[in-house]
Each structure stands twice: as C-alpha cells, then as structure tokens.
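Chemist: Each residue of the sequence shown is one higher than the one before, starting from 159 at the first, in this note's numbering.
Restricting the straight-line Cα-Cα distance to at most 27 angstroms, the calculated cross-link-like pairs of lysine-lysine (DSS-like) are:
no., residue 1, residue 2
1, K595, K733
2, K684, K733
3, K387, K684
4, K595, K540
These are calculated hints, taken from the structure and not from any lab test.
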Amino acid sequence: MNRKLSRGVTLSLALISILSCSENGITGSDGINTDDIDADANRVATVTVMLASSAIGVGDTTRATATLLDYHNRPLTRIVTWSTNNASVANVDSTGLVTGVAAGTAEITATRGLKSGSATITVTGIGATGTGSVASVAVSLAATSLSPGQTTQATATTYDSANNVLTGRTISWASSNISVATVSAAGLVTAVAPGTSQITATSEGKSGSAAIAVTTAQITNPGRVTDLKVIAIDSTGVTLSFTQVDDGTGQPANYDVRYAPPPIAWGSATSTTTGTCAVPIVGTVIGSPLSCKVLGLTPSTAYDFQLIAFRGTLNFNAVFGLLSNVVSATTNASASPPPPGSVEPAGMTPITERPFSALNEAGWTDQASPYLTIVSDATAPKSPPGVIQMLFPAGFLDGSSPAVSEAVLGTRYRTIYVSFWMKYSSNWVGHDTGTNKILHFWVGGVNRIYNLVQGVGTGPLVASVDVQGVITGGQYDGGTNGKFAPNLGVPGIIPRGQWVHWEMVFTGNTAGNADGTIEWWLDGAKLGSYGGVQFVSGNALWESMEWSPTWGGNSGIRVPADQYSWLDHIYISGKN
Numbered sequence: 159m160n161r162k163l164s165r166g167v168t169l170s171l172a173l174i175s176i177l178s179c180s181e182n183g184i185t186g187s188d189g190i191n192t193d194d195i196d197a198d199a200n201r202v203a204t205v206t207v208m209l210a211s212s213a214i215g216v217g218d219t220t221r222a223t224a225t226l227l228d229y230h231n232r233p234l235t236r237i238v239t240w241s242t243n244n245a246s247v248a249n250v251d252s253t254g255l256v257t258g259v260a261a262g263t264a265e266i267t268a269t270r271g272l273k274s275g276s277a278t279i280t281v282t283g284i285g286a287t288g289t290g291s292v293a294s295v296a297v298s299l300a301a302t303s304l305s306p307g308q309t310t311q312a313t314a315t316t317y318d319s320a321n322n323v324l325t326g327r328t329i330s331w332a333s334s335n336i337s338v339a340t341v342s343a344a345g346l347v348t349a350v351a352p353g354t355s356q357i358t359a360t361s362e363g364k365s366g367s368a369a370i371a372v373t374t375a376q377i378t379n380p381g382r383v384t385d386l387k388v389i390a391i392d393s394t395g396v397t398l399s400f401t402q403v404d405d406g407t408g409q410p411a412n413y414d415v416r417y418a419p420p421p422i423a424w425g426s427a428t429s430t431t432t433g434t435c436a437v438p439i440v441g442t443v444i445g446s447p448l449s450c451k452v453l454g455l456t457p458s459t460a461y462d463f464q465l466i467a468f469r470g471t472l473n474f475n476a477v478f479g480l481l482s483n484v485v486s487a488t489t490n491a492s493a494s495p496p497p498p499g500s501v502e503p504a505g506m507t508p509i510t511e512r513p514f515s516a517l518n519e520a521g522w523t524d525q526a527s528p529y530l531t532i533v534s535d536a537t538a539p540k541s542p543p544g545v546i547q548m549l550f551p552a553g554f555l556d557g558s559s560p561a562v563s564e565a566v567l568g569t570r571y572r573t574i575y576v577s578f579w580m581k582y583s584s585n586w587v588g589h590d591t592g593t594n595k596i597l598h599f600w601v602g603g604v605n606r607i608y609n610l611v612q613g614v615g616t617g618p619l620v621a622s623v624d625v626q627g628v629i630t631g632g633q634y635d636g637g638t639n640g641k642f643a644p645n646l647g648v649p650g651i652i653p654r655g656q657w658v659h660w661e662m663v664f665t666g667n668t669a670g671n672a673d674g675t676i677e678w679w680l681d682g683a684k685l686g687s688y689g690g691v692q693f694v695s696g697n698a699l700w701e702s703m704e705w706s707p708t709w710g711g712n713s714g715i716r717v718p719a720d721q722y723s724w725l726d727h728i729y730i731s732g733k734n
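Work out the full structure, taking the sequences as your base and the hints as a guide.
Modeler: Right, dumping it as structure tokens:
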C-alpha cells in the first residue's frame, strides 16, 4: 500500500515538473508565446500607445511604445504591429520609431490580434518656424589664411536631419589652438601666430569646423590699379570704374582719387571731396570691380583722373602703391534749367520733389516714429544739410520697416522717373537672405516693384530691382516674383558709408500686354534694362511710392547693431 502510494506521488510530482518546465520555456508573461496571435483573442484586453514626444519637426524622430494589459489589468509581453494613418506626415517602422515627414498630424497605431491603440503625433514644418533639432553644423570662413593680427568672420549654418536650414539657433565657438587663432562668441576669428587651428561651431550637441591657417606673410606695398576707366559722364560729374587691388597685407586697399585739367600732375591735383569717389574710398573685395562718381565738376570742361591705392590713414601712417593709369573726360554742357537727374526721359512732368529738410514736407506723409528723423549732413550731395534717416536699432526683428514715409503721386502716369541720393551707415550688415529693400511702388493697390541692394553680412551690396505679384516678370523668368540683377556689365556695387545716386525709369504695361520695362542707373552708370513685364491685366499706372526699407523677410533674424539708411533729395516725374 505504501509502495503504491509512493509510486502515485512520484508520478504526480513528475507531471507537475513537466508542466512547470513547459511553463518556464514560454516567453509571454502569461504563458502564451509572444508570436501566438490567435491565443491572444481572449487575453489582450487593451493596447495603449505612448510617444516620447507628441510633437516633432520635419526629419526628427521619436519613439512610440505600446503597453498591453489583460482583463485583470496585468501587463502582457507581446510583439505588436505598428502603422500610421498618414505616411505623408509621419511614418513608423517595425520597432516603433516615428519619423516626421511633413507638417500635419498622424495617428500612430499599435495592433495585436483584434486589439489596437493609437496616439497622435504633430509634425511641424521647418520653413517659417524653424523647428526641428540640429542634425549637423557647417562652418565657413570669409578667409582661410591670415597673417598675425588679421581677422576674419566665421559663419555657422545649422541643418536638420533632412538637410533643411535651421535659423535662430544658439551657436558656441571654439578654437582648437588658441595660440594660433582665437574666436569670439560672435565668430570673429583673430590670427595670433603662425600655425593651423580648427574653428568649431557647436549647436544642440552637434559640431562642425573649418581650418584656419596663420602665416607670416611678406608685407609689401599696395598694388597698382591699371584699368581705371570712365563709364559715365554728365554736366557736373564723371563715374569711374576699376578693379580693386591688395593693400600689401592681403586685405583690400583704400583709394585716393584726384582730378585736374590735363595733363594731370598728382602733387597739385584735387582730391575728390564730393560724390562716391570722395577720399578715402574704402575697398571691399580684392579683384572685384568698384565704381564711384566724382561730383562738383564744371560743365563743358576737360579733366584727367588718376588714383592711388594705400593702406593706413592718410596724412598719418599711409603706405602707398604706384599711381594708376590716367583717364580723361569732358563734362557735358549744362542744361537750362539743370535737369534734376542725368537720365530723365524727355517730355516728363514733375510729380513731386522733396529736399528732406523737415518731416511731412512737400505733400509727403511721414509716420511718427523715433526711428524716422531728419538729421544734418553737410556732405549731402544734392540739398544739404537736411537728410532723412531710417534707424534700424540693435535687436530690430527682420521682415518689416521701422517706419514708413509715403507720397501719393496724384496724377497717374504710365512711365515714371525717380531720382534720389542714399547712403548706408559704414557698419551696414546685409540680411542673411541678401534682401535689403528701399523704395516701393504701387499699382492697382499692390506693391508691385521695389529697388533693393542684394548683399549678405559685410559682403558687397549690389543695386538691384525686384518685382512681386505681377502677371509676368518678362525677361527675368516669366514668373510673378523675382530679383532683377544688373545685366549690362556694370557691377553696381554700393559702398557703405558713401552717398550714391539712384535713378530709375519704370514703364507700366498697356492693357493685356507684357510691354512694361524696368531700367536703373547708379551714379550715372546704367546697370539694368529689362522688358516684357506685365504688372497688371489692365493699364499699369503708378499710384504711390513709399520709403519703407525692409530688412530681409520673416526669418527671425535681428539687427546685430544700430545701423541706418539716409536719403537726400528725391524727385519723381511722369508721362503717359
């Protein structure tokens, strides 16, 4: 009896042991294999999806996790199937990794058998908001080789994982060898001693770098200008052009321009004091063209012109190169009465003329603003000393003008001529988009065209024109918006800190035709001429003009330091 009982107990224990071993060999927490979906029909009660982040940018990722519970609210370990209801906005892989594709919302779903759960992901576009994490950083240097004591600007561009540019990100700078070169918090690199160093920018844990080489360059005298030429003449001014040279240390030279009745003798010639050739002319980029205008000349008079490149300060420590070639010109006869501009078409009727000696003068309306004021400048080229100033204060956000000055043109004409003098402060920083708007002209209640300078940072500023909201841009590209760059072989570079004379002739289209034209001049030199423009469907007649110099677009960029734009004497005429 005891042996039978013992044998039965032994069999029972063996069976329990077998079942126990089978249970331990199953991966699911409830004894069901994690791949056995059919067995879950009566076991999985709920599926809950959680997102590590419920909002991401285009190209960013986040992790989705699924929690499965049985009918006793006990967790189950299961493999789930992931899906998205809008793959054009966000997709998800088999592990639950969610990637933003385009702006919008999508449902991320986890499914097991007959049960599923979802969570909403919001994807924010890059464009206007600039959201998204930094995935990479690119660094560029304005100059990659310096001599001790010289400086160059480093620029960092941040990108997301889809290679879209991100703006407004915090950048920290570092140099790998501060005994060779240092870098400021603003990215200004200063050469210290010969050698090489990596200049690194870091943003949101991502870094990029560029190499700077510091060499002991041989210091020589400034270069010699050999291609000085005359490109425009009027009754009281001559416009010159030449290729910029080195100052002997690897930097752009400055220039002293003189004139005299022929033959010119440098020692007794007159240094230019008015116009954009006023001494000293500050160089911008070695090897690039530079044009400027000598003003204050006598009509119907022959002159010789010559210049010399130098570095340092005149009458103090200047180091000079050799004298340039000599060019000659005879000014035009004076008109009677003198025309307000050198290229005004014949038959024009004056519309408005303003010397900028006071606010709200000559029928103009000036917005009350601390940024729009009348200031004094005895060197103003047309009607000194009063000029109007538009101040862009440090921290001013891009995409709008600090203030507006407007003139309603009264009688409306198809063709208008505009003449004005302007000056940027010597520290003017061009917007990152290269767009620095000036005067805006309206047709059909819409701002259809404006002039601007194209230029980024401290780089060259190019006198250009832009259309927007037109039917066709004609010779530009046929589009409704676009920038017209100089197309007549004259670079149209505007030097900072110097007065320049703009002239423009805009002819509106006739009804149903693309026969509008755009022409503009800088200091008497014609820069651009375009045709085939259709501004509106009907007859394009110019209605109003406003000075609302807008700095860039809505990119979230702020003006780094106080800078300003000045105007001196504007004249507008028209004809049909």
